[in-house]
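Asker: Each chain, letter by letter, is given below.
There are 2 protein chains.
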Amino acid sequence: MDGSEQLSKRQLQAMRTRENLLNAGREVFLENGFQKATMTQINKLAHTGYGTAYVYFKNKDELFTELMETIMKKMYDVAGLPFKPRTKEEAFAQILKQTRLFMQSALEEKEMMKVVKEAIGVSPIVEEKWNHIRARFIGGITKDIQFVQEAGLANEKFDASLIAKGWFYMNEQVMWELVLGEIEENLDAVSENLAELYTGGLYK
Amino acid sequence: MDGSEQLSKRQLQAMRTRENLLNAGREVFLENGFQKATMTQINKLAHTGYGTAYVYFKNKDELFTELMETIMKKMYDVAGLPFKPRTKEEAFAQILKQTRLFMQSALEEKEMMKVVKEAIGVSPIVEEKWNHIRARFIGGITKDIQFVQEAGLANEKFDASLIAKGWFYMNEQVMWELVLGEIEENLDAVSENLAELYTGGLYK
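For the record, the sequence lines run as chains A and B.
18 is the number of the first residue of the first sequence in the numbering used here; add one for each residue after it.
18 is the number of the first residue of the second sequence in the numbering used here; add one for each residue after it.
No wet-lab data here; the hints were simulated from the structure.
Only a predicted model underlies this, so the values are computations on that prediction, with no experimental measurement involved.
Some hints here could point you the wrong way.
As a list, the in silico EDC-like pairs of lysine to aspartate or glutamate whose alpha-carbon atoms are at most 16 Å apart [said to hold, decoys possible]: (1) Lys221(B) to Glu213(A); (2) Lys114(A) to Glu213(A); (3) Lys174(A) to Glu144(B); (4) Lys174(B) to Glu213(A); (5) Lys160(B) to Glu144(B); (6) Lys174(B) to Asp205(A); (7) Lys114(A) to Asp94(A); (8) Lys75(A) to Asp94(A); (9) Lys134(B) to Glu167(A); (10) Lys174(B) to Glu209(A); (11) Lys174(A) to Glu145(B); (12) Lys134(A) to Glu144(B); (13) Lys127(B) to Glu201(B); (14) Lys61(B) to Glu44(B); (15) Lys221(A) to Asp205(A); (16) Lys134(B) to Glu144(A); (17) Lys101(A) to Glu145(A); (18) Lys221(B) to Glu107(B); (19) Lys221(A) to Glu173(B); (20) Lys127(B) to Glu44(B); (21) Lys174(A) to Asp205(B).
Working from the sequences, and respecting the hints, build out all of it.
Answerer: Right, here's the structure in full:
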């Protein structure tokens, strides 16, 4: 065994502790919500020594944003699918699929998304993280719009970045209402309505 | 003089005091933001006796929601204009006008709207008020959509209430970005982009 392998074992242990803390954090946030959750509760549930959570995360807000990354990963994957439609119909089919998967992924993590909603309202760190997440989605949508504009499928008159924002916000707010149970969970109808409005407006 | 006239004078005085408190509240909120503002500061600026503000308003949150009503009134007026278009073009012209006036009204009250945004995030009372405001706008838009669907101008396949939500949220978020200075203040371009996307998608 050489030094690098020993270091790697220690790193592996650190990774496991970090993973334990994240799993415990998830449970604590689900149980207590964001505001009532404490690092002490997380440490306790993870069976790590007193204060260990602070070695890995600056505060509960930072730990929480890590959990957000994991939740959003599925949604990013959906948003990041290659988007090279050759016709309006192809574009519609893919946009419909993306919209549906976006809503579905949020609903699969319904309880955690409720905590995310709460946390955005009270933690500037979480709010900033959410704004980064938004920017990432909006950046991707902007590129998709530019592609179809250059391909002659979508109207050139539109400001791609503004339309991307409008479209994302529409999806985001409807997603929150689904998560909070404020609109009926009919994913097919919801996604079709939104995708039809958007594609009908943007495409030639 | 009879009793009713005396009562009316007292009522008039009460109305003036209330008005003073609201004006003072506006100044204090603009100066300190929502969280740092106190009823004591408002009382002091209004030159009303100690504790008078609490006679008229339960707390600063309630006083603030009154101020929000006033700010939103102009926007409600815009949203409440009769909407009976006979063609897609007429509909577009009116939607464009409404969108522009909505953004413009918010920008005319830019500093107060920044405080509103802050207050929504920290006060459940203000958040609830904002949700009522949203519901009022969305209710109006839903009726407009139903009208044009019945008139055969817009596609019947759309769920009027869901589309109304999507459209309002798109406008709301873009409005916040304008208020917070996150997008360029080009009201014509912004309103045209949004109105074209929406009308293009919804109308036949």
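Asker: Check whether the Cα positions of lysine 61(B) and glutamate 44(B) lie no farther apart than 16 Å.
Answerer: Holds, because 12 Å separates the two Cα atoms, which is no more than 16 Å.
Asker: Decide if the proposed pair is consistent with the structure: lysine 221(B) and glutamate 213(A), CA atoms, cutoff 16 Å inclusive.
Answerer: Given pair lysine 221(B), glutamate 213(A) holds - Cα atoms ~12 Å apart, limit 16 Å.
Asker: Please work out if lysine 221(A) and aspartate 205(A) have their alpha carbons no farther apart than 16 Å.
Answerer: Violated - the C-alpha atoms of aspartate 205(A) and lysine 221(A) are around 24 Å apart, more than 16 Å.
Asker: With the threshold set at 16 Å, check whether the alpha-carbon distance from lysine 127(B) to glutamate 44(B) stays at or below it.
Answerer: holds, 14 Å
Asker: Starting from lysine 174(B), check that the Cα of aspartate 205(A) is at most 16 Å away, please.
Answerer: holds, 13 Å
Asker: Would you check the hint for lysine 174(A) and glutamate 145(B), treating anything up to 16 Å between C-alpha atoms as holding?
Answerer: With a Cα-Cα distance of about 38 Å, the restraint between lysine 174(A) and glutamate 145(B) is violated, given a limit of 16 Å.
Asker: Lysine 101(A) and glutamate 145(A): Cα distance at most 16 Å?
Answerer: violated, 31 Å
Asker: Are the Cα positions of lysine 114(A) and glutamate 213(A) separated by 16 Å at most?
Answerer: At roughly 12 Å apart (the allowed maximum being 16 Å), glutamate 213(A) and lysine 114(A) satisfy the hint.
Asker: Tell me if the straight-line CA distance from lysine 134(B) to glutamate 167(A) falls inside 16 Å.
Answerer: violated, 37 Å
Asker: Holds or violated: lysine 174(B) and glutamate 209(A), Cα atoms, limit 16 Å.
Answerer: Cα-Cα ~10 Å, so holds.
Asker: Lysine 221(B) and glutamate 107(B) were given as a pair; does the straight-line alpha-carbon distance stay at or below 16 Å?
Answerer: holds, 13 Å
Asker: Check the hint pairing lysine 127(B) with glutamate 201(B) against an upper bound of 16 Å on the C-alpha distance.
Answerer: OK: lysine 127(B) and glutamate 201(B) at ~14 Å, within 16 Å.
Hints 3, 5, 8, 9, 11, 15, 17 and 19 from the earlier list are contradicted by this structure; the remaining hints agree with it.
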